[in-house]
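Could you slot chains B, C and D onto chain A? The hints should help.
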Amino acid sequence: MLAYTFKRLLLAVAIVSLAMFLLFCMIYTIPGDPAAVALGPRATDEMREALRIKMGLDQPIWVQFWNFFTGAWTGDLGNEVLSDRPVLDVVLEQLPYTLALIAGGISWSVALGIPLGCWAAVSRGSVADRIVGVISVAVIAVPSFVIAIYALLIFAVTLRWLPAIGAGEPGDLSDQLVHLILPSLAVGLGWVGYIARMVRASMLEVLEASHIRTARAFGLPHRMITYRYALTIAILPTITLLGVGIGQMLSSAVFAEIVFARPGVGKLVYDAILTRNFPVVTGAVLVTTVLFVLLNLLADLLVGALDPRVRSSF
Amino acid sequence: MRRLLREPLGVFGLSLVVLVIFGAVFADLLSAYDPTRINPRVRFQGPSGDHLLGTDQLGRDLFSRVLYGGRIALFVALVSTAVSLVIGIVLGLIAGYGPRWLDNLMILLFDSMKSFPTVMLALALVTIMGPSLTAVMVVVVLVTVPGYARIIRTQTIAIKTSEFVTAAQSMGASNGRILFKHILPNVIGPLVILASMDIPVVIAIEAGMSFLGLGVRPPTPSWGSILNDGFSSIRDTAWIAIAGGLPIIITTLGFTFLGETLRDVFDPRLKGR
Amino acid sequence: MSEPILTVDDVEVTFPVRGIGKEGIKGVAGVSFDVRPGETFALVGESGSGKTTLARAVNGLQAISRGEINFEGQRIDTMSKAQMQPIRRRMSMMFQDPVGSLSPRMTVGDLVTEPFRIHGAEGRDMRAETERLLSLVGLPVDFATRYPHQLSGGQARRVGVARAIALDPALIIADEPTAGLDVSVQGEVLNLLNDLRERLGLAMVIITHNLHVVHHVADRTAVMYLGRFIETGETEAVFGAPRHPYTAALLSANPEPDPDKVHARISLPAEVPSLLSRPAGCEFHTRCPWAQARCSSDAPGEVAEGARRHRCYFPLDPGAMPPGMEGAA
Amino acid sequence: MTTLAISGLNVWFSTEDGPLHALKDVEFDVPERSIVGIVGESGCGKSTLINAILGLLADNGSIEGGSIQFEGAQDLVILGPKEMQDLRGPRISTVFQDPMGALNPVLTVGRQMVNIQYRDGGSTAEKRARAEEMLSLVRIPDAKAALDRYPHQFSGGMKQRIAIAMALMMKPALLIADEPTTALDATLEVATIELLKDLQEEIGCSVLFISHHLGVIAELCDEVVVMYAGEVVERGSVRQIFNDPRHPYTVRLLECDPARQTSRSRNLPTIPGEIPDLRQRPAGCVFAPRCHRVHAGCDQAQSLVEIGEGHAARCNLALEPQTAEATA
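Chains as they are written, first to last, in the working numbering: chain A, 1 to 314; chain B, 1 to 273; chain C, 1 to 329; chain D, 1 to 328.
So here's chain A without its partners, still in its complex pose (with noise of 0.2 Å):
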């Protein structure tokens, strides 16, 4: 187990490292000078000179790439262009949002996706099956944005149950709650059918194995069957599933972030991006990929944990 945990432990660092290179490939290939850009028409020369300096762009470009890759590994980010402030606090201090949001949409799914996709391999063939089928390929067609654009007009604008902006009073528990039960169900939906499905397929497949088959042999209950013979082995492929997935809601957070006008990373990004923020922009995407590399990583160790063939084929 500790020689797998190290190894994608290792692999991790490779991934954020490599993921570092693209994101400075990326910056470096931007059209025109940074300087420029980011201090707009109206700066003078010897600003530019100034900031350009200040930000290494004067030096050769693989000392650049070491400043840069050396620089985000200890933290340091850079500073915001206006405000001058280091551009990891100003991630950190949005990042508790986003993950608000994140956990709320795990919950959503995890909450609706497993039970309603366990339901469905039990009852297999039947209208509850098929029904549950229907409804799981349909929330996961359906883009998150829509769905949180619909989810404002229907609930906040047309019914005027939940609010419709914002994350609430700072310090009020039951406020910020309300708050995020719209956005983390824009963000979370889809999940609820990807997690359905996938338990469903995953329980199918199990049980129709040869163990199963024994375990019905040997007249255990059905409930053990189940829950402890069949769903133990079929929620594994569900958490990697999801460790994946959170890649997918930081994408659906940015959209419900902006359209219930919520703090968070997202919305950080989107503002930046609009004003040419850059070091921001380059800030936050870097913090989500390590808290994306990051979750995947807890994920495939939850795994390794919980199946035994696993943690001993390492």
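There may be inaccurate statements among the hints.
Claimed, not checked - Think about it this way: if two alpha-carbon atoms lie no more than 30 Å apart in a straight line, the pair counts; the simulated DSS-like pairs of lysine-lysine are:
| no. | chain 1 | residue 1 | chain 2 | residue 2 |
| --- | --- | --- | --- | --- |
| 1 | A | LYS7 | C | LYS26 |
| 2 | C | LYS261 | B | LYS160 |
| 3 | D | LYS197 | D | LYS144 |
| 4 | D | LYS24 | D | LYS82 |
| 5 | B | LYS160 | B | LYS181 |
| 6 | D | LYS197 | C | LYS261 |
| 7 | D | LYS82 | D | LYS171 |
| 8 | D | LYS171 | D | LYS127 |
| 9 | D | LYS144 | D | LYS171 |
| 10 | D | LYS144 | D | LYS127 |
| 11 | B | LYS160 | C | LYS26 |
| 12 | A | LYS7 | B | LYS160 |
| 13 | D | LYS127 | D | LYS82 |
| 14 | C | LYS81 | B | LYS181 |
| 15 | D | LYS171 | D | LYS197 |
Unchecked claim - Ranges between beta-carbon positions, derived for each pair:
| no. | chain 1 | residue 1 | chain 2 | residue 2 | range |
| --- | --- | --- | --- | --- | --- |
| 16 | B | VAL192 | A | GLY71 | 36 to 46 Å |
| 17 | D | ASN243 | C | ASN70 | 47 to 57 Å |
| 18 | D | ASP142 | C | PRO318 | 36 to 46 Å |
| 19 | D | ALA145 | A | SER210 | 19 to 29 Å |
| 20 | D | GLY80 | C | HIS149 | 38 to 48 Å |
| 21 | D | ASP299 | C | GLU234 | 32 to 42 Å |
| 22 | A | THR74 | C | ARG105 | 47 to 57 Å |
| 23 | D | GLY121 | A | TRP161 | 30 to 40 Å |
| 24 | C | GLN74 | D | ALA145 | 14 to 24 Å |
| 25 | D | GLY18 | B | THR36 | 56 to 66 Å |
By construction, these hints were calculated from the structure, which means they are not laboratory data.
Beta carbons are placed, not taken as given, at the ideal position from N, Cα and C, and that holds for glycine.
Showing chains B, C and D alone in chain A's frame:
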């Protein structure tokens, strides 16, 4: 095909898809209005006999904008999916059949590509390229290629040790023959079905980027930009948002239901992917 | 007696093991044999004995770490892929799974003519070749348009045979030719192979775990255990009076379809050791009922007795039973 | 008392290409404390028969008529799922072919063996002790430590022995063994058969043993049922079947086994032709298209003809002894 028509869900999906394609192809015949013509006298008009879906803040006819927006969506979906498929197949075959180190390197590259959340990637890319249809397509290709390449790679690795490939090797078949005669025909079917099921994802990316103002430039109509127009005035003129969202829902549902049924009919092994 | 068509001399196959300083696993550990034209040579052993690895090495699908393989007077183990190409026309291999060894998206017609396409014999009339080959293996000509999954195990095996003989090879290596086939079909395949061997003068190497099959089809037999030949010789002689305890145990372990038969069985304790931890001395001593002190320390070399060879310090006399079991017979 | 008495059992499957008659008029008994072997080639209906007995037929399969009397008291055909579940395990247990897949990969062997005893009262410690005892009975070395290991940590032969231990732990009246040795090597196969025989005598249960390996059947079984295309074509004591077969299929099947041929021959006997499509059963004898003794009477449906004590064959020539002419 006959089996597809026996599945009610497949028939439903197929009719939605046909409807969308029909609307896009015959947009100029179906609508009396130029989708980009600004007419300040008819701003913010609700749906009526004149304007089936109403008009937007510039007085443009929403029905004709929706139809022309379909052209953009379908164009992006078809072209970029085809490009992704070709790149994905080539990279996947190389990774799966080539030397071990190259495989490891490519997997690392695919994983890094996938570790950027889609929207973050799109945002970063648009920062570089500026908003355009090309940027949308590049994003789609970057987002989908790693997945396709991985599937092809996994399948190739599974198949390259199978007995029929070993048998071909033992007869002295060349690498090219093994790749294209023995491996490719066995991996391409599932991939094409999976790619067709990705069409809704591609449409969502195009609409999403246009919604954020990072895709198609105004005044060219796109479902995403209509949705954005509607979103700005959602409290007063809800029909604009509905007009922008409805075609997205119809198209994604249609392609998904159709793709699901096709997959079940042609390749039941892929169920649940 | 004619010159051997295939000579395998002290061949070793090593699989790398991950980890620094670890030695590789020896899948095949120093094996020598030869096969003469028109002869059927059988490799017998349980799973993990290395018989398939050895066959793959002979066919050039698996690199060898020591020894020499000569085929029709040419050394083939050092050949490049391009140099092997003409050899592949003369030596063909059949694989275990009758259906799985046929490419699923190709028709039977494409499959049986694939050898011609590979070896640039495009000038031939493919239709005529398909008909010739299918009738040679006893399949109707209209099978040419079928796909592998539409064939039964026996029919798929016949297609495999047709592919193997397409280019008039001198040697066929058949890995478990009867695996996955019903008893009533096994005979068909074996008869077909034997018939072709006689008609075309082929040499054959048959790999199998089924001793009864070996008894009927093989001229000579080699018994493998943990990657070594522990006994080799004329099939009748080996089966009639095994010299190595493992051969004896294997033969006695074979349940016979005769309810009146009284079994004098040599039972073997424990299971086959892992290749990762090869026992010292004689590799069979951990399970051998006759094992003595010497067997666990020194590895016995190969002893030749006329046309037979074995690796045992204390070879058995006919009808021998393990100590303590003598009365049972 | 008869442990299992099957009579007139018919099983149908609905398939996309029409209904499939998988088992037709299957009829045989498993007497108390005896081992009955079922022989047949692929497609003969062996697995369907097991699933029908266990009440585990696939959703598209159904039993249409017939009865499966268990211990003279219950008809398994009409038993509800709950009662059936109560029988599986304590009264009827099963060992399957694939030792690799038969055990749950994410639960320890001990956990699985304790779970099987869920019906019994008593502490987990007692159940573990019972499991340990069973494991040592099937000669698993260091049984106590084995309880805490996962299935993938055992070799194939050991896994199959663990499966046998699990099957016999509740001292069932009937053990169904579905090709339990097919996946094992020859030396392990023999050891497993001997173990099975010893345990059967010790526990005093009946065994329904399915195999395509004639040698294993001959060695282990008291009685033999020969199946072909979903029908019982012949049944009798092991000596009757092997020494005096009366159905042409049995005769040919025995001939085909290279082990039955004493003299070494390069030309092995075969049965030409293939099993018929069970969606279109021939009106007469199912074996007629491949039979070497086919004659005018074969286009009529055949019934089981009694030949002697417990010996019957589904052939209208059953009363004539089969001669060596078959080989011609």
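Item to complete: Check each numbered hint from earlier against the structure, then list the numbers of those it violates in ascending order.
Response: 2, 21, 23, 24
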